[in-house]
Structure formats: C-alpha cells, structure tokens
Amino acid sequence: MLNSSILDALRSAVDQGDQEQSGLITSINQLQTYECDGLTNFRTLPEAVVLPRSTSQVQAIVRICAEHGIPFVARGAGTGLSGGALPATGGIVISFARMNRILSIDIPNQQVVVEPGVINSHVTDAVASHGYFYAPDPSSQSVCTLGGNVAENSGGAHCLKYGFTTTHILALEVVLPNGEVVEFGSSAPDSPGYDLRGVFVGSEGTLGVATKMTLRIVKRPEAVQVVLAAFDSITAAAQTVSDVIAAGMLPAALEMMDRLSAQAAEAAVHPNYPVCEALLLVELDGPEAEVRAQILEVEHLCKQNGAWEVRLAQTAKERALIWKGRKAAFAAMGRISPNYIVQDGVIPRTALPVVLESIERMAAEVHLRVANVFHAGDGNLHPMVLYDQSIPGQEEIALDLSYRILHLCVDKGGSITGEHGVGKEKQQAMGYMFSEPDLETMQLVRHAFDPQNIANPDKLFPRPRLCAEKTGPYTPHPLEVAGTAEFF
Amino acid sequence: MVTSTTTQDVMSPESVQQAAEYLRHANEQRLAIEIVGAGTKRGWGNTVVSPLLLNTKRLVGIREHSWQDLTATVAAGTPWSTMQEALAVHGQCVALDPLWPAKATVGGIVATNDSGSLRLRYGSLRDLIIGMTVVLADGTIAKSGGKVVKNVAGYDIHKLMTGAFGTLGLITEVTFRLHPLPKSVATWTITSNDIAALDRVRDQISDSTMSVEALQLRNHKDRFSLDVKFATLPDALGDHSRRLHALATSLDVASGDEVVWLSRENIFCAERATAKITMSPTKISTSLAKIQAAGGSAVVQQSGIMMASLEADSANILGLRKLFEDIGGSFTVLQWPESVAHSPERWGDTIKGLPLMKEIKRQFDPNRTLNPGRFVGGI
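Protein chains in written order, with my numbering: chain L, 2 to 489; chain X, 547 to 925.
Treat the hints with caution; some may be incorrect.
[Claimed, not checked] What the simulated footprint calls covered on chain L by chain X, stretch by stretch (three residues with Cβ under 8 Å from a Cβ of chain X suffice, anywhere in the stretch; the number is not a length):
| no. | region |
| --- | --- |
| 1 | 148-156 |
| 2 | 166-179 |
| 3 | 196-204 |
| 4 | 236-242 |
| 5 | 282-290 |
| 6 | 415-422 |
| 7 | 447-456 |
Because the hints were derived from the structure by calculation, they are not lab data. Heads up, the beta-carbon is just placed ideally off N, CA and C, and yes, glycines get one too.
Pulled out of the complex, with its shape left as it was, chain L reads as follows:
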C-alpha cells in the first residue's frame, strides 16, 4: 500500500491547484473502474490512478515510481483484450484520459501529431476533409486510443494492404522508466541509430510510456468497393482467398466469417448477410480503372470456387453496413451464447482449411461451439469459444480449448497473437512459441530500458512455473497459496 507521502507526491505531480479536477484517484469505488481492461477475468485493484495533463506531469509521476520502485501501467480507453492494462499488485495506473489533444496536422507532409489519449477514429475525422485517413483500424477504433494502439501495435481489417500501427508511427516522445524523456524516430525517415521506435511499438507498456506520437496519414483512395460472397464451405472460401492473392491482387481487406459469426452479426446489426457456411468480404480500393478490373476478377474467382451469391455493395451506406456487421461480430456473440472467449491466433493462410477442421474437431470433443471470424488475407483467426459460466467447470474447459487452439496455430507455423497482444492472458503461451534463448534475447531489451522492472511488470514474458503446474491462465499454485513457495 502506498504511504501518504508518496500519495502526496503523486497528487502534487498531477494537481494544478484545482481540487474539483484532481488528477489523483484513491477512493476504492473509483479505482474499481481501472481494475481490468477488456479482458475481464483478470482483475487487480490499483493503489492509485493518476490523470496527467502533460508530458512533464507524466515524467514527474514516473520519477516518483522509479524512486520508490512502484510498478505502473499506462491506460488509454481500456479496450485491450489481453490484459495489457491490468494493474500490477501494489502499482498505479497512469490514465491518458486528459491527454487527448490532436496537436498538429501537416497535410503536405502527411503527418499528424497527437497525445496518447486521442481516439483512433478521431484522427481520420480530423483529416477527412483533406482527403486523408489514418489506416490502422482495430474494431474498437471508435473508442480505443492511439496510446493503446502503439502499446499493442494494433492492426485491423485494413492492415493487409496498409500495414499495422508500427507502419504508421514516425516518431514518439517517450518517458523511460527512469523518468527521462526521449524522442524515438523523427518526422524525417531513418534517424541515425538503433530503431528504438520500432522496438517500442508493440512492447505493451513494458519499455516506458509514450506521451506524444507522430502519425503517418494516407491519401484516401479514389474508389472503394466491397464484394460479399457466400460459400457452402470454409474450404471453398479459403481457396478463393488464395486465388485472389495468387492473381497478384492486394485487396484493402479480405475477411471471412463462419456461419455462427455471420448469424450473430445478423442478429445484432442486421447487415443483411446471406445464411451460409462461409461469408467472404473483399474490399478493393485504388484508382477507378484498377478497382473496376479487379472487381470483375474477384467476382469470377468467387464463382469459380462455388460461391452461390456474389454481391457488390451498391452504395457507401451498404458498404458501411457490411463492415458494421463484421466489426460487431465479437460483441454479437452475446446474442448466441451467455459467455465467450475471444482468441487471436495467426496461421499461414494456406493452413486455414486444415486448422479450422482441427478446431471443429477439438470443440466437438469437449462439447463446445467455436465461432470463427478471420482476417483471412493475413491468416489472423479470431476463434470465439462459446460457453456457459453457470455450468460448473465449463469455463475451465473453454479456456483450455482456447489455449490449445493457440498452440495449434504455433504448430502450423503461426503466432499466438496477431493484434491483441500477449499481455497477461498469453504470458505462458509465449513459452510455447519462443525458445528460452529467444525470450532471453528479448529480456536484454527489457533490461536496457527498465532495469528496475517497474513498467507494466509481469506481462508479456512467461512466468516460471512450479513443478506439475498445468499450462493455461495463471492460477496460484497450492504451495504459493499456503505461503511455502513464491515466484521470483
């Protein structure tokens, strides 16, 4: 528990003499807001929450943490799905709710400078009138913040063509875990030296806190079209994806939903999806003439693979509705199941049919259903394991299945996470994907940035396991509970 002198120091770091707008939260009912992020089955009450308004305030906070060895975690909107913003025991949360300004817009250089609390879609809103947009578009883009996007290296449906958050971050102002403020990258390319910007993006808050970011924006394409195709099998839809890629096309997005997902999305937002085993969404963008020719080719490939309905969205409204259905897929699961676990594995896209077959078999073996939504173009699967928490033991079975699905992704040459991050949820799966030397090499970076291990500790890297402890989400070992053993 933080003593009163530390709390006083934190208060003076963030307060500006305005007691009505105090930047320090310590009351338990308010702290509960911050005890978890989008991964709600892990919860830890922070000791305090601070709401800085400037880089210098963040610096003052981090210096206090460094001086007293207090763990801290930065938090944007708290929409993360891997527990990245989960507070550490005895630690504080640095919320960026009050650092949410767009600082500058430079259209000729195609750059925007923002504070970390700015909401993703607000950048596009700010530059749309100039014909530009900010490309990374996680499904939560209307609420998630750019600080969180940087921490997680967020993706989205359109990163197949446009790249991830890291592709769109030119420079960062970072408060290091020792309180020093450093600039990584610059508005000009290739700053001399190591690529600190590159290693920081996606480091999940374990290397410091970003307080300002320079984003690259992209010219909005002349034409955008969405083709929707209905198939009788996932295999046929997956083959179409491979054929589109083999034809030399790089669509802006290539998304797939299975029957359960499409059904849930239909129930939630009524996007008028056909009832089918596999629904493929192909978004093409670029110059008019290019898009026109590619639509014909995509339609041909869909039909060649047995699509029984191929529909071209006729209006911008229709396109938006199709996407609304796709982006609502996670939340829509609540309509067909009382509880669900969203996973985030990646496989080489050619392994899609065989992996889906395995997932179906694994689910049937434990009598559970799995709904699937994929960023099919880049092999990013979001299997959603449906279960009922009120049935004793079913949550454990569902969790176990979800981790076995991740292991399957790794076995097929893929990854345990394509965009949600490792966080708390997949710490142990890191040990399945990477060898000890790989992880030790990553730890060298960690030690260079944060020798005290106070920046979002106990995330991302696997914890050492006690003998006979089973894999899966962390649960205290009986010896640990009894106080006869502890982690170190």
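Please arrange chain X on chain L, whose structure you already have, making use of the hints.
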C-alpha cells in the same frame, strides 16, 4: 572455414551453428570481429579495427518460399538479385530496390537498412521483414518474429537489428513479406531548370490518388529532373499518363527509362564524400537546391531520403549537417575518400537516445565483439 589475410583471419561459416561457434569463441577470447556480406557498403560508418573478419558468403540460399502465403525465408549471404530471381518464378518480390543488387547480400542490405525509390509505396525493410534469426556475440542463436505477416508476439528484435550495422548480432536468416510483381509499370521524367515548378508537380502527385510506385528528384549541372513511376493495371496507366500531363502542362514530360531508378548508384564516387541526408517531404526541393549550390549532385526520394555526392571538405560538410539537423533531418557521411584526411564524425553528434542505445549495445554485446566502433556514438 578459416583463412588469413595480411591483417585479419577470415571466417566463412557454412551454417548458423558454425557461425555461433565462431562468435562464442571470439567473444570468450575478447577478439573483435568485423562482419561483412559482399562488402559493397563496408566503407559506410566508422572503420572497424579487428583481428577477425566474418563473411556470410557461405550462408546462402532460399530456405523457404511459401508463395501462396507471400512469405520467404532467405539466408543472409544470398545476393539480393539471386533472391529476387527465385521469387519472380511465382511473380513475387521483396518490394525494395537497394543499391548494387547483383552483388550486395540480403544480410548487408538489412544491416545497413538500405532502401530505394520503392519505399514510397511499400515501406522500408522494417516494414517488409517479419522474422529473423540472429547470432549474438556470445553465440546465442535467437529468433524474432515469425513466418506470418501479422504477429505481435514479443519484442520486434528484428527491427532493432535492421540498420544496426552488425553491432548487436550477426543476421543469419531473414523472413520477408512479399508483394506481387506489378502487372504493368510506366516511368515518366519531367525536366526543367525551374525546381519550384517541379516541386509543385511533385507535391500534386504525392497528394493524388494515382498508383504511384516511385517518385524522385535529381539534379544535373543546370537543371533538375522529376521521375515518377506508376504501377497499376494496363487500363489505369493511360488514365495516369493523361493526369500527369495535365499536372505538368508547361513542362517537358518524357517517357522515361527504368534506368533512372538506378541513379543513386551513380552518386557514389571514390574521390568524393557521399552522404545520406534525410528530411520531411516538403523540404525535398529546397534541400536539393542547397546541395546543388554546394556543388553537389544528389537523388532524393519522395520518402525524404537523399543520397548526395559532395566535395570532401570537412568544414563544408559540417555546415550542411547543421543546416539539415536544424530542419529536423539528419546528415550521415556514408563514405569518405581515403585520400582525404580529417573525416568528419560520420553520424553526427546529436543522436537522440544515444545513452539508451549504448545500454542496448552493452546488454547485447558487453565485450564489444561485434563491429566495435562502427556505429553511432562509437557503438
């Protein structure tokens, strides 16, 4: 295999394991190692003084080309063109046009983070590399990233290694995301002595919705050229040509030769200094004019990276460096003629985050075994 020259013992490992053995042994004996690929950029950065040289010429070959997944894993010593020829069999490529591709190796290009005109559309190596195998100074073999394009598990060590000039580890294998070869391309060159007029066209092309693959500005003795390459379907090329001519009505627009995209290679000259200068895109034309006024020749890409050839005059170079640093850019002296003494500090004295970089070097290579002194701040 180990051979000797007059000054260095030369190691040419034939496997990653053998490379690890060599490094472990050298590190234990506190013997510094200079790492080279084909040596095309060996003169870049500070000179390395070491008793050992490790080359990657036997670490060659395409390890895996998953053409349906648009990925490929390649050994570091493979010449860039050899890799591209193999990928082209399936109509694919690593979308990057580095210097001297016939000779330069994958590992050397990655270690120096070279890039050319295609960077505008496809990004830099840091966007195209999805995984890497490296050997650390103590012989640890570590993998980073993976073989799938979308992957956020763990730190991107491969980004740290890219452009680290071999000071953090020996790159042995690289996994790239691939792009389809464009179906049709067309290059146009607009020439004028009015750089402001060319800059207006450059800005309009940059702000357009056309499928621009490359865009660069060059200087000649008394005029300038703006090169633009479109890569799209044949149907759209005609439309783009019409649009370009409409943007440049009063200028001389000529169908260009693909060879203009190799112009960077002509900048390098043994008797002159060669610099890599970076800037924001809106500073491109004024920067080129400054280099012209200083008696230099240069090619500057729309990405904001210029390669410039200048007289090897230290005072003049330092003056130019300050000028570019003042506008938020950088000025790195890549090569300096052997015949001219007093080379300026190659990387500049205002490296942001240098203490942290030095700590990263200390963590990865505490004995300073790998390419000691070559990089920024004497790393």
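Verification of the hints:
1. Counting residues of the region 148-156 of chain L whose beta-carbon sits less than 8 Å from any beta-carbon of chain X gives 3, enough to reach three: the coverage restraint holds.
2. Counting residues of the region 166-179 of chain L whose beta carbon lies closer than 8 Å to any beta carbon of chain X gives 3, which meets the minimum of three for the stated coverage.
3. Counting residues of the region 196-204 of chain L whose CB lies closer than 8 Å to any CB of chain X gives 7, which reaches the minimum of 3, so the coverage claim holds.
4. Judged by the Cβ-Cβ criterion of 8 Å, the region 236-242 of chain L is not covered by chain X as claimed, because only 0 of its residues qualify and three are needed.
5. Check result for the region 282-290 of chain L against chain X: holds, 4 residues qualifying (beta carbon to beta carbon below 8 Å, three or more required).
6. With 8 residues carrying a beta carbon less than 8 Å from a beta carbon of chain X, the region 415-422 of chain L meets the three-residue requirement, and the given coverage holds.
7. Here the region 447-456 of chain L counts 4 residues with a CB under 8 Å from a CB of chain X, which clears the bar of 3, and the coverage holds.
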